[in-house]
Structures are given as C-alpha cells and as structure tokens.
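Undergrad: Here is what each chain is made of, one letter per residue.
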Amino acid sequence: MTKYMVDKFLRWVELSDERVAAYVDDPAAYVEGWLGAAPGPEAATDDRSLTDAERAAFVGRDFAALYALGAHPYLLWHFTEAVHAHEFTPESGWRALVERYRAAVAPQGLVDYIP
Amino acid sequence: MAELVLAAVTPHNPLLWRSMRDPMPDDLAGVAAGFARIRQAFAEHELDAIVVIGTDHLRQFFYDNSPAFVVGKAESYHGTWENEVRTFGMEHVELAGHRELADAITGRAVLPETVDLSVSLEWRLDHSFVIPLQYVRPELDLPVVPIHTNASMPPVPSVRRFIALGEHVRRAISSWDSDARVALLTSGHMANDVGGPRTFAGSPDPAFDEAAAGWMRDGDLEGAVRVCSDFERLLDAGCMTYQYLNAITALAAMGGRPADVVDVAESRFASSPFFLWGSKR
Chain A
1 MTKYMVDKFL RWVELSDERV AAYVDDPAAY VEGWLGAAPG PEAATDDRSL TDAERAAFVG
61 RDFAALYALG AHPYLLWHFT EAVHAHEFTP ESGWRALVER YRAAVAPQGL VDYIP
Chain B
1 MAELVLAAVT PHNPLLWRSM RDPMPDDLAG VAAGFARIRQ AFAEHELDAI VVIGTDHLRQ
61 FFYDNSPAFV VGKAESYHGT WENEVRTFGM EHVELAGHRE LADAITGRAV LPETVDLSVS
121 LEWRLDHSFV IPLQYVRPEL DLPVVPIHTN ASMPPVPSVR RFIALGEHVR RAISSWDSDA
181 RVALLTSGHM ANDVGGPRTF AGSPDPAFDE AAAGWMRDGD LEGAVRVCSD FERLLDAGCM
241 TYQYLNAITA LAAMGGRPAD VVDVAESRFA SSPFFLWGSK R
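Just so you know, the protein sequences line up as chains A and B, in that order. Be aware that the first sequence starts at 1, since it is given in the numbering used here, and climbs by one per residue. Be aware that the second sequence starts at 1, since it is given in the numbering used here, and climbs by one per residue.
Hints were generated in silico from the structure; no laboratory data involved. All residues carry an ideal CB built from backbone N, CA and C; glycine is no exception. Don't take every hint at face value.
Which chain A residues stay away from chain B? Per the calculated CB distances, all over 12 Å, these [as the list claims (entries may be wrong)]: (1) A22; (2) P27; (3) E32; (4) W34; (5) E42; (6) A43; (7) S49; (8) R55; (9) G60; (10) R61; (11) A65; (12) S92; (13) P115.
Facing chain B, according to a computed beta carbon distance under 10 Å, are these residues of chain A, among others [what the hints assert, rightly or not]: (14) R11; (15) S16; (16) P73; (17) T80; (18) E81; (19) Q108.
Quick list of simulated restraints, FRET-style, between CB atoms [as the list claims (entries may be wrong)]: (20) B:S158 - A:H86: 38 to 46 Å; (21) A:D17 - B:Q40: 36 to 44 Å; (22) B:S174 - A:A28: 52 to 60 Å; (23) A:H86 - B:A43: 54 to 62 Å; (24) B:D141 - A:T2: 45 to 53 Å; (25) B:A43 - A:Q108: 42 to 50 Å; (26) A:A28 - B:G202: 35 to 43 Å; (27) B:H92 - A:D62: 31 to 39 Å; (28) A:D26 - B:A33: 44 to 52 Å; (29) A:A44 - B:D26: 47 to 55 Å; (30) A:E32 - B:Q40: 51 to 59 Å.
Can you make the complete structure from the sequences, with help from the hints?
TA: Below, the structure written as structure tokens:
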C-alpha cells in the first residue's frame with residue numbers, strides 16, 4: 001500500500017499547476033494538509049496515508065529518498081521537474097536538474113517500484 | 001466491409017513539441033522527416049477514421065483502477081492535460097470520436113472472445129495520443145477510436161495479449177459493415193528511460209533498439225515475442241521501454257508482414273521509431 005500512496009501524492013500534485021504552487025510554497029504544510037483532508041470511510045474512496053519516511057521525503061523534496069522508497073520513476077521525474085522548475089536559472093536549468101536527478105538515482109539501480 | 005488500409009508507429013515524445021520547430025535543430029531533422037513521411041502516407045490513403053493506440057501516462061488511469069486495454073467509446077475527447085501544457089508546452093485539443101467503429105471493436109453487448117477490453121465514455125487523452133495525431137494528421141479532422149494499453153503500471157499484459165489486440169482490431173475492422181477506410185496509428189518508444197538511472201541520456205539500450213527495428217523489418221513476431229516476454233529484460237532497457245509493445249500490436253494487426261518503412265531516427269533523445277505499412281493496392 002505504501003508505494004501506492006507515494007505515487008498517489010506525486011500524481012496528485014503534479015497534475016495541477018495550483019497544487020504544484022501550493023506544495024512548493026510550503027511542502028510541510030501541504031503534506032499535512034493533504035493527509036488531513038482525506039474524506040471519512042463513508043465517502044467515495046480517497047484514502048491517504050504516508051509513513052514517517054515518506055512524509056519526510058516529501059517535506060524535503062528529496063527525490064533520492066523517494067526513488068529508494070519505490071516511487072514510480074515516471075511520476076517521480078515529472079514531479080521533481082515540476083517542483084524545481086521555479087529555481088531554474090540560465091546557468092542551472094532543466095539539464096542541470098536532469099544531471100542531479102540521474103546522479104541521485106543511478107547508484108541505486110532499478111528499485112522495485114511495483115506497488 | 002471496412003478496410004484497414006494503413007498502419008504506422010511513431011514516437012510520442014512530448015519534448016519534441018517545443019524543440020522540433022523551425023529553425024530545425026540539426027539533430028531533429030531526421031525525426032521531423034520521419035513524421036513527414038507518415039503524414040504524407042496518411043494524406044494519400046483517403047482515410048475515414050483512425051484507431052489510435054497509445055499508453056496513458058498515469059493520468060486518466062492510475063493504480064486505483066488500472067485496466068489492461070481500454071477502448072474509447074465517447075462521441076468526443078478532450079486532449080492534453082494541464083501538466084502537459086505546463087511541462088511540454090502542448091495545447092488543449094478537441095477530437096471527434098467514432099462510436100460505430102468503437103462498437104465494432106468492443107462489441108455492443110458482449111466483448112470479443114480473444115481479448116478482454118475495458119471501455120471508457122469519458123476520457124482526457126494524454127500526449128501518447130495527441131502528439132502522434134498532431135504530427136501525422138495536423139488537421140485533426142478524422143474521428144478517432146483511442147485504445148489505451150497498460151504498458152506503464154505493472155502488472156502489464158503479456159506480449160501475446162498485445163498481439164491478440166492487434167489481430168482483433170484488424171478482424172473487427174474487416175468485419176465492420178461499412179465502406180470506411182481505417183488507419184491504425186500506434187505510438188511508443190524504442191528503449192527509453194524516464195525517471196530511472198539512465199534518464200535523458202540518449203538511448204539506454206542501442207542493442208535492444210537494433211533488435212526491435214529488425215522485428216519490424218523482417219516481420220518477425222516470434223522474435224519479438226521471445227525477447228519481449230521477459231519483463232525484466234525490457235526494464236533493463238529502460239523503465240518506459242514496455243511501450244514498444246504498441247509497435248508489436250501494429251505488426252500483428254498487419255498480419256505480421258514486414259513493414260514497408262523501418263526508420264529509426266537518432267537525436268538528442270532516445271531513438272525514435274517510424275514504421276509504416278501501406279495499402280497493398
């Protein structure tokens with residue numbers, strides 16, 4: 001279940017410009033808000049939970065840790081891109097982020113990402 | 001009866017949408033020429049409808065509900081997601097559906113015997129459907145039947161199920177009581193890694209690319225099956241490589257005959273496949 005929740009959060013944020021902006025503005029508050037907004041068991045299913053390690057990785061925008069935790073690679077890359085794009089400069093832009101990302105995940109090899 | 005007159009395989013790399021523009025970068029000229037060749041074939045075949053096989057990228061379909069194959073039965077489709085506009089600079093599009101052809105593929109009341117299809121009547125198409133159409137049929141004037149194949153969220157269908165899908169699509173078109181001329185447009189990748197250890201570092205597996213082009217050139221379905229039955233082998237070639245199986249679906253739909261055009265364009269990106277089967281007449 002736990003990889004599923006990581007993927008669910010990645011996807012939820014990355015799909016929406018508004019949610020990307022809110023997460024980037026305050027990752028810790030956004031993660032807590034997302035977890036706290038889960039509807040009750042009577043509502044249409046929309047469960048939300050994260051382990052302490054997953055929560056810390058999202059609060060820290062730590063793509064190396066999220067990869068190690070089994071995030072879906074495609075979702076993780078596009079989430080990473082979305083939540084770092086505001087930091088791009090002419091000297092350090094998209095390509096530099098690609099290099100940082102690859103350097104972080106390559107030593108880990110292929111992590112089992114099947115939830 | 002209707003006729004499947006054309007099948008094509010193209011890339012759906014959304015990064016092309018910003019980068020493949022005039023003045024054309026030298027390294028993308030081959031990719032642009034590959035699309036131009038397929039676009040010309042679509043223009044010359046006097047088509048009435050397009051079956052578009054792609055793989056939704058965890059947008060419309062996710063792990064809360066992940067079907068193997070989904071056939072669109074909607075009257076129309078919105079194309080492109082908000083995150084694709086942001087990330088790739090794509091544009092929202094509207095596409096007409098083809099309900100009658102969709103029904104011919106799924107069966108109205110009972111699914112076909114050889115492949116279990118899911119259906120969707122409300123579906124926003126992502127770049128794996130929109131990008132190939134925009135390059136191959138930029139007028140976006142022909143009604144489409146989209147088919148999603150799950151090549152991104154394991155467990156995925158086996159390669160023989162992709163073949164069964166292709167054979168079924170061909171059979172369904174040829175037994176559809178219509179004089180329509182139908183094209184099959186499928187998209188995917190050669191070896192490709194997005195988010196894994198070899199992200200955006202050119203082709204992650206040139207040896208796989210070479211073999212994968214050969215299966216199309218030789219009409220070698222069994223050769224494709226031998227390699228592509230091994231999920232771990234495809235994962236080794238990159239975490240998104242399984243989408244290559246959409247090309248095998250096209251090969252199967254054309255009866256396994258060698259493709260008339262097999263062109264693999266090299267660029268800054270992973271290798272770009274362009275495979276084409278034209279009408280025999």
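Undergrad: Would you mind marking each hint as holding or not holding in the structure?
TA: Cross-check of the supplied hints:
no.: 1; hint: A22; in the structure: holds (14 Å)
no.: 2; hint: P27; in the structure: holds (18 Å)
no.: 3; hint: E32; in the structure: holds (23 Å)
no.: 4; hint: W34; in the structure: holds (16 Å)
no.: 5; hint: E42; in the structure: holds (18 Å)
no.: 6; hint: A43; in the structure: holds (14 Å)
no.: 7; hint: S49; in the structure: holds (14 Å)
no.: 8; hint: R55; in the structure: holds (20 Å)
no.: 9; hint: G60; in the structure: holds (18 Å)
no.: 10; hint: R61; in the structure: holds (15 Å)
no.: 11; hint: A65; in the structure: holds (14 Å)
no.: 12; hint: S92; in the structure: holds (16 Å)
no.: 13; hint: P115; in the structure: violated (6 Å)
no.: 14; hint: R11; in the structure: holds (6 Å)
no.: 15; hint: S16; in the structure: holds (6 Å)
no.: 16; hint: P73; in the structure: holds (3 Å)
no.: 17; hint: T80; in the structure: holds (8 Å)
no.: 18; hint: E81; in the structure: holds (7 Å)
no.: 19; hint: Q108; in the structure: holds (7 Å)
no.: 20; hint: B:S158 - A:H86: 38 to 46 Å; in the structure: holds (42 Å)
no.: 21; hint: A:D17 - B:Q40: 36 to 44 Å; in the structure: holds (37 Å)
no.: 22; hint: B:S174 - A:A28: 52 to 60 Å; in the structure: holds (59 Å)
no.: 23; hint: A:H86 - B:A43: 54 to 62 Å; in the structure: violated (42 Å)
no.: 24; hint: B:D141 - A:T2: 45 to 53 Å; in the structure: holds (47 Å)
no.: 25; hint: B:A43 - A:Q108: 42 to 50 Å; in the structure: holds (47 Å)
no.: 26; hint: A:A28 - B:G202: 35 to 43 Å; in the structure: holds (38 Å)
no.: 27; hint: B:H92 - A:D62: 31 to 39 Å; in the structure: holds (33 Å)
no.: 28; hint: A:D26 - B:A33: 44 to 52 Å; in the structure: holds (48 Å)
no.: 29; hint: A:A44 - B:D26: 47 to 55 Å; in the structure: holds (52 Å)
no.: 30; hint: A:E32 - B:Q40: 51 to 59 Å; in the structure: holds (55 Å)
Consistency with the previously given hints fails for numbers 13, 23, ordered from lowest to highest.
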